[in-house]
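K.L.:
Sequence:
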Amino acid sequence: MIERVHEHIIAELQQNSRSDTVFILTAIFLNLLALGINSANSGGGGNRDATQWIVFFTFVALVIVVNFVVEIGLIKGRQSRIKLINGLLKMYKDQGVEGYYDPSLLSNYTVRYNLFLLAVLVTGIIAIVVPLVLMMTR
23 MIERVHEHII AELQQNSRSD TVFILTAIFL NLLALGINSA NSGGGGNRDA
73 TQWIVFFTFV ALVIVVNFVV EIGLIKGRQS RIKLINGLLK MYKDQGVEGY
123 YDPSLLSNYT VRYNLFLLAV LVTGIIAIVV PLVLMMTR
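Residue numbers (the working numbering): 23 to 160.
Treat the hints with care, since some could be wrong.
[Unchecked claim] As a list, the in silico DSS-like pairs of lysine-lysine whose alpha-carbon atoms are at most 27 Å apart:
1) K98 / K112
2) K115 / K98
3) K105 / K115
If you're looking for bench data, these hints aren't it; they were derived computationally from the structure.
Please model the entire structure based on the sequences and the hints provided.
P.N.:
Encoded structure:
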């Protein structure tokens, strides 16, 4: 039975990693896409018509919503990973093989998640600020 529990926890960790990867790639791709579209939209003459502003603010709203969802998803993913790994560590301790897994990996995962959160946040901010500056200065 313990083998099945172990397999289940490992499968959950793998699914967690796949979900995090999808979240991160989706957010960064959207941020770069919004940056490109809104930057291109900000070009041209000095007067802005309503359509340009609507497109701009639509993409800003999309970036904010998607980045918020991704940030929450990554935070929940980090929490799930910590719980799953703590379960594995307890299982390994109960089986007398805890020496094969370094508990300091938990802090490495925390740092990694914080870096992912930062990358999503910074690209989102850039996707909003750069086109806004371009819209205001042209």
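K.L.:
A separate judgement is required for each hint: does it hold in the structure or not?
P.N.:
Status of each hint after checking the structure:
Among the hinted pairs, K98 with K112 is consistent with the structure: their alpha-carbon atoms are about 21 Å apart, no more than 27 Å. Of the supplied pair hints, the one linking K115 and K98 holds, its CA atoms being roughly 26 Å apart against a limit of 27 Å. For the hint pairing K105 with K115, the CA-to-CA distance comes to about 15 Å; that is within 27 Å, so the pair holds.
The earlier numbered hints are all upheld by this structure, with none contradicted.
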